[in-house]
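Residue numbers (the numbering used here), protein chains in the order written: chain A, 90 to 687; chain B, 90 to 687; chain C, -16 to 273; chain D, -16 to 273.
In case anyone wonders, no lab produced these hints; they're calculated from the structure.
Please note that a few of the clues may not be correct.
Stated by the list, open to error - Each computed EDC-like pair below joins lysine to aspartate or glutamate, with the alpha-carbon atoms no more than 20 Å apart: (1) B:K276 / B:D136; (2) A:K491 / C:D255; (3) B:K190 / B:D216; (4) D:K107 / A:E339; (5) B:K491 / D:E158; (6) D:K88 / C:E119; (7) A:K491 / C:E259.
As the list claims (entries may be wrong) - A short, non-exhaustive set of chain D residues, derived as facing chain C with CB atoms under 10 Å: (8) V(-9); (9) S(-7); (10) K88; (11) N90; (12) D127; (13) L133.
Stated by the list, open to error - Just a sample of chain D residues kept apart from chain C, beta carbon distances all over 10 Å, derived: (14) V(-15); (15) Q(-14); (16) G16; (17) R115; (18) I122; (19) D183; (20) W188; (21) N202; (22) A231; (23) D247; (24) E259; (25) R262.
Here a beta-carbon is modelled for each residue, glycine too, at the ideal position from N, C-alpha and C.
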Amino acid sequence: MTTPAAKTTPVPGESGGPGAPARPKELTDLAVMIGGQGGDGTLTVSDLLGRYFRKRGLYIYTSRNVLSRIRGGHADATMRASRDPVAAVKPDVELIVAFDKEAAEIGRSELSPDGAILYDSSVFQLDLPNSVGFPFATLVGGAVGQPIFKNTAAYGAISVMMGFDPTQTRAVIEERFTRRGPEALEKNLKALEIGRKAALEVPGLADRWHVADGEAQHQILTIGNQAVALGFVVGGGRFFAGYPITPATEIMEYLMRYLPAFHGVVRQAEDELAAVNMIIGAAYAGARVMTSTSGPGLSLMTEGIGHAGTAEVPILVADCQRVGPSTGEPTRHEQSDLAHLAHLGHGEYPRVIVAPGTVEDCFEITIEALNLAERWRLPVILLLDQALCQNTTTAEPFNLSKVVVDRGTRLTAEQVAKLDVYQHYQFTPNGVSPYVPPGTPGVFSQVTGNEHNEMGHVSVNPVNRVKMMEKRMGKLIHIVPELPVPHLFGDERAKIGIIGYGSTFGPIREAQGALDRAGVKTRFYNARTLFPVPKESLDPFLSAMDVVYVVEHNYTGQFADLIRSALPQHHAKLRSIRKYDGDSFRSPEIVAPIQGGQ
Amino acid sequence: MTTPAAKTTPVPGESGGPGAPARPKELTDLAVMIGGQGGDGTLTVSDLLGRYFRKRGLYIYTSRNVLSRIRGGHADATMRASRDPVAAVKPDVELIVAFDKEAAEIGRSELSPDGAILYDSSVFQLDLPNSVGFPFATLVGGAVGQPIFKNTAAYGAISVMMGFDPTQTRAVIEERFTRRGPEALEKNLKALEIGRKAALEVPGLADRWHVADGEAQHQILTIGNQAVALGFVVGGGRFFAGYPITPATEIMEYLMRYLPAFHGVVRQAEDELAAVNMIIGAAYAGARVMTSTSGPGLSLMTEGIGHAGTAEVPILVADCQRVGPSTGEPTRHEQSDLAHLAHLGHGEYPRVIVAPGTVEDCFEITIEALNLAERWRLPVILLLDQALCQNTTTAEPFNLSKVVVDRGTRLTAEQVAKLDVYQHYQFTPNGVSPYVPPGTPGVFSQVTGNEHNEMGHVSVNPVNRVKMMEKRMGKLIHIVPELPVPHLFGDERAKIGIIGYGSTFGPIREAQGALDRAGVKTRFYNARTLFPVPKESLDPFLSAMDVVYVVEHNYTGQFADLIRSALPQHHAKLRSIRKYDGDSFRSPEIVAPIQGGQ
Amino acid sequence: MVQSVKPVASTWCPGCGDFGVLAAVKKAVAEAGVPVHEEVLVGGIGCSGGIHNFIETNGIHALHGRLLAQAVGIKLSNPGLTVIAAGGDGDGYAIGMGHFMHAFKKNVSLLYIVMNNETYGLTKGQASPTSRIGYEGNIEHPFDAILTALSIPVPNFIARTFSGDPKTMIQVLVEAIKFNRANHGFAFVEDLSPCVTYNDTFKDWRARVVDVATLPGYNPADRQTMFRLCVETMQAGKIPIGVMHRPAAPDPSSPGLELKLLPDKIGPARADIGLESNRVAYEKLLRTAA
Amino acid sequence: MVQSVKPVASTWCPGCGDFGVLAAVKKAVAEAGVPVHEEVLVGGIGCSGGIHNFIETNGIHALHGRLLAQAVGIKLSNPGLTVIAAGGDGDGYAIGMGHFMHAFKKNVSLLYIVMNNETYGLTKGQASPTSRIGYEGNIEHPFDAILTALSIPVPNFIARTFSGDPKTMIQVLVEAIKFNRANHGFAFVEDLSPCVTYNDTFKDWRARVVDVATLPGYNPADRQTMFRLCVETMQAGKIPIGVMHRPAAPDPSSPGLELKLLPDKIGPARADIGLESNRVAYEKLLRTAA
Ligand SMILES: Cc1ncc(C[n+]2csc(CCOP(=O)(O)OP(=O)(O)O)c2C)c(N)n1
Ligand SMILES: Cc1ncc(C[n+]2csc(CCOP(=O)(O)OP(=O)(O)O)c2C)c(N)n1
Ligand code: SF4
Ligand code: SF4
Ligand SMILES: [Mg+2]
Ligand SMILES: [Mg+2]
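Please build the complete structure, drawing on both the sequences and the hints.
Here is the structure:
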């Protein structure tokens, strides 16, 4: 094997001089963007780096930018490793690993001033400052056969640039490739060495950056969709029907693995209409149920969700938001379904919309949502977004300490036997009628989406109609004390408020840090109940502030609109920070308007 | 034939004494409620009365209260005849014609103090004051065979009570039954005489009320659904796909009759998903299109309407609102889809919601809506309600004087040939790209609901995404000058405002009259564009008022909410008058809260 | 005995074919030995779909066209229930067509009765997918559900009955319900149920129905033979009724879907979801999953 | 010549069966003599559904499962267009099943190509309605679209092709397009188009396809014979391809629906809707209607 003639342009170290040996720059937070053609495995590099940094006790956050196609086309991932918990894309990137030209082009604007671009010079040439080309594909072409090993070679080169511990660098390869068989492992180890060697031979390339070890040893690495699936199981969820759709499919796939061990059923339905009606049937029969979908499927479920609202069948619908409307951008990020959900369906019925801010919260809120649905016998929406659903994050291991399963008034056969009368839609002070599953001896029920009387028979009596509307809609008032409360962060005396939900949690927290360092005190209201609009906590929050920024991923400012309509007296304080280009917030995009006082 | 022993309780005339001959009471406005078992033809009576009063130049308004079943069960209709134009149910009823007991029970609360109940004593007995029983069914049983003729007999009795002109009374029967053949006609004429004779034999029954002739000689009698169908045809609509649903079906049925003569196509689709996608296909190909539906179907169209928004395909969707949510009450009245429509679908796209207030306006706004859809290439919703759709009303004959067909920038083959470049989604100042129908030589287009570039190819480029969102959403700003303007009524200096849309028009106008007579000046903003919220006209309207009542048929105050969110600065002025029991407003229900200052 | 919901008087027009179905279902359920409280009737939207209100049992009124999806959810959630879905031809073959086709494929052990009257009764007599050419301006070919059912290679139970022939109907329904209760899979019965108000086909049907069991070569285990017999019967202007398909011997390797998924028949609705009963398993799951 | 949209490079994985369909459609359209600007390709959602972006013609990308509804709307709006809808097996037989079945019934003269790969390609390889038992945990019986198509008694054109046999595919597509252009009705072609990434069935299919035209008794005018031939072929472990049904002689009394509705072939999109041209007729309508 011959040593490659690496093509380099100066990579500045702290010492600055081209080619001069540089002292490693010490970082507590680092980002590497890896890009190439979709399906050729380039994203493996981010996985390998993530594994390494996890071994070193760092927090990881990986975001992906992929097209809605299986192979080809540009795809990239950005891996962030930090000594502190992170749940946002780092605004700047230290290293770009470019297997195609687009990677360099897309990534450049975020490259940090002392960042570098490592690219595969067997595929293209780059004439950018701070770039180093290795013909990775050619390099591994000889010794190990297939260009797919270029990824491992690149990992090797990076390990040199970042002064990785060689043993643990190898351990990562072993961990990842052992199950692919000895041959695959051996070839990858070879590719690793090829990459390492090539990098070591370029003067001044080694040890550009160094990240001190962290303490996140016990964290798990997960995604929101997995946390939701786990929350569903331990929250007692037993029936799931869905239809594949990005970025929701993983929830179904995880549940296909988990649920059968618990008398549970997961069905891929023929479409979303079937999915939502299947869970309605299953919930009517007495199971805790869920479906998960994204925009197009959600729109198709509109009629079904309204049916659950009127018929008072407890269902949980996870909406993994992506770029809309219509087919939109299936793989990309947005939060633009809230307005639709808050007003979903013809006619009026109660629904609750909850939104977790972190993967830990995905687990917790899913359980809360199951309890809310069944206790109040109404549809609950679990509002997620692509970044929260699919970006990998280190998280506290999930545990059962906060898990409560509360099924509300569900009567057993013994309890039923003691009743004089059982009416499925009995009027009660809080609007919730006791539930008896079909199959219980001695008692029948009729359930319907037509307007009905207490017995469940069709009725168009105007007096009954008004009472039934008040019964159902009244739940939205009585339920308030049980709804997930907001999480508040930052200075309690701040006069600048920030409101956000879902994956904006991470960028907002990061923006708060930056603002704080700049002397701007803020208070962050992380909304976890979005509908009914949590006036009880929002009103005092808004009252206490001079100005409040609502941060969200959509064009019209949907959450701000809901708040404005619910609390119009505070309208003059509300500002909107919106992003709708398919990508998630970087903290400076939140810092700038707040600092600018816009 | 023997004279029946009519069972009567006193019917007060102006002279008051039981049985005493009474002077006819002169009325300018009269209501008769007719009720019986659904499907047995009792509603024919209201039809016959309507025909008679039309001959006398009166304005007619007939509302129905029927169950969602074909035969049996109680059904009633209330026929109003007035010397002035009317478009509301009269708050009190002079005469109840009861073929079943329920009719009397349901109608009683609205019976005017000097009103009477005429009932079929062969079916039941009534012990109410002011009631007269004739065994109508038995009466006609002998002479003409079937109890169905009881209706005509009742009409005969009424004709006596109201001092009808005997010749014209007969003429109505001839008009209505001639096409059923000579036998049917003859039997009905016999039944008429039986009824007349019976009534004449009861002392004091004749000539209770009298309504002077009016001047509405040239008016037509129609329903909103027919007006929409006619507007669609003359507005150039040529393709309609729908699925049967109450109270929308008539639009499809009328168009099945009208459109084939104009190269038009009407298809009953397999479901509403097909219907909306069929019209999208037809509009893409270059036709003016519409579908009509009600709540459940509308919910199913959610995805398709969003697709039209993103793909920029001009479609018109008529939503004939009924009681929701879910299957709700198919035959009854509500306005509870507005919030859903304003936020319809995942993601964000422009849509326009227009709402006619009268049947004349149904005709006009349908034409405007077709122009708006095609000029701006977006989905337009024509928001109707059961009362407007199905209640029969006298109206000015439709004419072509205001009809304009404006197709916007639709390029001919000649125009296209002169272009350098054609891009289906070309960026333009107002967001509307010129349209070329497929089939035009020399040019191609790509149309999609995925995010796309100007050429119509899929794109996830963030810069393009932002521009495309701004292109589409910007239409909602540029379109404003072309949107249907509100109609304003009442005192220009009034400080009390009323806002309403759709069929609340009639009751509000009537309430204004009553308030005016009570010295309360009001100004009525009849909204004809509901979304985008017409801030340009609402803001000055709200500014000029001290207090504004939003009158609507739903629980949450949906239009009030939209206004509040769009114009939060006026929130303190907004009051809500809501009704959601399935029935339409009676004017006192609007008068009372306004007079009470609630 | 607790007092709960009682049947209401039917909302059908006098003489409607649906009365026949109502009577037959009541009898068949009793004859098949179904404890009433274990029965769930899922109604569609349409005149026919009101049936669940007229029987003393558990009922759920689904959305238009979605009754099969709800029925599948019910059965897979509690396989101990006897689930009967019943609705109209519009409900099942128009808006519900997708679920209809997939019901055969899924093969969940439930009974689906389509009350076919070749019209949309409740919306006042528009053409339905089974309407003949010419009915209310219909220009599309009528759909034949039996032929299509026979085309789906899954061991279901397939039959057609006629409201004018209650004896056969009861027999067929009893067999179908027993088929379900033995977890053999999906049972589909199309009943010819005339709409006397908008499309009175009683006379026409009475004259044309032919019991397939009387035809030479009748072999309900063989789809292809039955397909041929049905096509030939129709070509002769007749309408085949009777059992069109039942597996020769139910294949134990391919039972109803509920049994493949839930061999112990407990299922989601009856599972103990208490935290304590599951703690050990949950902890293991959380440890190993993420 | 005005510059308008040009095809983009395909987004398919190298080796994907869909390339075969793309090539065959291009050739067939040319061979059938369709002026390209009169062609409209309606794409479904899925890998397959991108096809309209890769051909120089008019394209519309429908919603998932709704391509047939849009295609019907297009053809009935402008019967002069040659409309080809193409999408995946998930798109067509899962979410689109209702429209699929009704397309046969409607019998509008358009071509529908299902690119069947027995998987959901674009969402990364879940089981589809045609997946075999065992594929990705699938426990439902695979759907056979040809058998079902044969069960619908309407004079459509029905065929199956294989991406590995481009010659037959082109022949079949040319015939189908000509059938459409002669307004004979709906044409359905299922193409076996392997997904090399998630479900590479090339080898399996190559070994098992059998041209039905070579079978004894082949008679595509007779559905019932073809039904039997297909069932027998499948029972022998083979997969029938070729033309499964074409009317013996297209029945002039039952042409494509567009011709029944629009005998003069002008249609909604090309109608003159100007007020002046219609004034007399409109005035009459308004006078007589209400
Ligand atoms: C989504 C939706 N679309 C339309 C309707 C209106 N609708 C009620 S019943 C019915 C059809 C009834 O026909 P069928 O299913 O054959 O039942 P039948 O009344 O003939 O027994 C329709 C279209 C509805 N309820 N929901
Ligand atoms: C309403 C809706 N549900 C789900 C999806 C997600 N989705 C996109 S493509 C696809 C299936 C693709 O399978 P198939 O139609 O067989 O096409 P293939 O990719 O295999 O060619 C799904 C479920 C969607 N776009 N819209
Ligand atoms: S309308 Fe027809 S289907 Fe409906 S109840 Fe009456 S007879 Fe039966
Ligand atoms: S994933 Fe499969 S179907 Fe999709 S492009 Fe790749 S090979 Fe073709
Ligand atoms: Mg029917
Ligand atoms: Mg596929």
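Checked hints:
{"no.": "1", "hint": "B:K276 / B:D136", "in the structure": "holds (18 Å)"}
{"no.": "2", "hint": "A:K491 / C:D255", "in the structure": "holds (19 Å)"}
{"no.": "3", "hint": "B:K190 / B:D216", "in the structure": "holds (11 Å)"}
{"no.": "4", "hint": "D:K107 / A:E339", "in the structure": "holds (11 Å)"}
{"no.": "5", "hint": "B:K491 / D:E158", "in the structure": "violated (50 Å)"}
{"no.": "6", "hint": "D:K88 / C:E119", "in the structure": "holds (17 Å)"}
{"no.": "7", "hint": "A:K491 / C:E259", "in the structure": "holds (13 Å)"}
{"no.": "8", "hint": "V(-9)", "in the structure": "violated (32 Å)"}
{"no.": "9", "hint": "S(-7)", "in the structure": "violated (30 Å)"}
{"no.": "10", "hint": "K88", "in the structure": "holds (5 Å)"}
{"no.": "11", "hint": "N90", "in the structure": "holds (7 Å)"}
{"no.": "12", "hint": "D127", "in the structure": "holds (6 Å)"}
{"no.": "13", "hint": "L133", "in the structure": "holds (7 Å)"}
{"no.": "14", "hint": "V(-15)", "in the structure": "holds (40 Å)"}
{"no.": "15", "hint": "Q(-14)", "in the structure": "holds (42 Å)"}
{"no.": "16", "hint": "G16", "in the structure": "holds (29 Å)"}
{"no.": "17", "hint": "R115", "in the structure": "holds (12 Å)"}
{"no.": "18", "hint": "I122", "in the structure": "violated (5 Å)"}
{"no.": "19", "hint": "D183", "in the structure": "holds (24 Å)"}
{"no.": "20", "hint": "W188", "in the structure": "holds (18 Å)"}
{"no.": "21", "hint": "N202", "in the structure": "holds (14 Å)"}
{"no.": "22", "hint": "A231", "in the structure": "holds (14 Å)"}
{"no.": "23", "hint": "D247", "in the structure": "holds (17 Å)"}
{"no.": "24", "hint": "E259", "in the structure": "holds (31 Å)"}
{"no.": "25", "hint": "R262", "in the structure": "holds (28 Å)"}
Against the hints set out earlier in the document, violations occur for numbers 5, 8, 9 and 18.
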